[in-house]
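Listed here are the chains, written in short residue letters.
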Amino acid sequence: DAGVIQSPRHEVTEMGQEVTLRCKPISGHDYLFWYRQTMMRGLELLIYFNNNVPIDDSGMPEDRFSAKMPNASFSTLKIQPSEPRDSAVYFCASSTSMDSYGYTFGSGTRLTVV
Amino acid sequence: ILNVEQSPQSLHVQEGDSTNFTCSFPSSNFYALHWYRWETAKSPEALFVMTLNGDEKKKGRISATLNTKEGYSYLYIKGSQPEDSATYLCAFENAGNMLTFGGGTRLMVKP
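Top line first, the protein sequences correspond to chains A and B.
Following our numbering, the numbering of the first sequence begins with 1 at its first residue and continues without gaps.
Following our numbering, the numbering of the second sequence begins with 1 at its first residue and continues without gaps.
Keep in mind that the hints were calculated from the coordinates and are not lab data.
Note that the coordinates shown come from a computational prediction; the quantities given were computed from them, not determined experimentally.
It is possible that some hints are incorrect.
Stated by the list, open to error - Lysine-lysine pairs mimicking DSSO-like chemistry, simulated, CA-CA at most 27 Å apart:
{"no.": "1", "chain 1": "B", "residue 1": "78", "chain 2": "B", "residue 2": "58"}
{"no.": "2", "chain 1": "B", "residue 1": "58", "chain 2": "B", "residue 2": "42"}
{"no.": "3", "chain 1": "A", "residue 1": "78", "chain 2": "B", "residue 2": "42"}
{"no.": "4", "chain 1": "B", "residue 1": "57", "chain 2": "B", "residue 2": "42"}
{"no.": "5", "chain 1": "B", "residue 1": "42", "chain 2": "A", "residue 2": "24"}
{"no.": "6", "chain 1": "A", "residue 1": "68", "chain 2": "B", "residue 2": "42"}
Using the sequences and the accompanying hints, generate a full structural model.
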């Protein structure tokens, strides 16, 4: 398995533009998580899905953020409109409830909003 | 808001030194405690997941212990090597399978 795949690796966009981050979890994993990493707050959970259903989105900062998981192999995190304070590294991770090997993280998307 | 604390925040050691750091977490609603190794410009990589009080896990020179009653876990590195330099994250998993990460301990091993 190629692991958790995120795209793009880097995104630079202008304030006010829509940004879509993509994630392909490991096949067979039934949990998918979106994290944001900043210097100030470390790794913070934004939202997670179980079997494609959003379970907890209390970490989503504002209505400008939305996430979907239309099927077991794909999820998106969208920011519309983007703001400079959204600049961060966004990680997607997946795991399975069937074992205890921890989460597998993607390589992250570094977002810069100018 | 769950309080997952790691100490120290950073640590400089010489090659060959053994070292350890601490993760403290809530003792209620506990499901598992994770340790991750996070190298610069890479993604966090799972080291251990521990679920039972008294658990001890080992991978090469790295080992970890767990005390769920008092809410702490130790990570030990024996004979540190420069390639061990990374940030070590612990994370508390609750019964809802949600992870809350600590701030990490940044380890730098000098040759």
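Handout entry: Hint check against the structure, violated hint numbers in rising order
Key = Violated: none.
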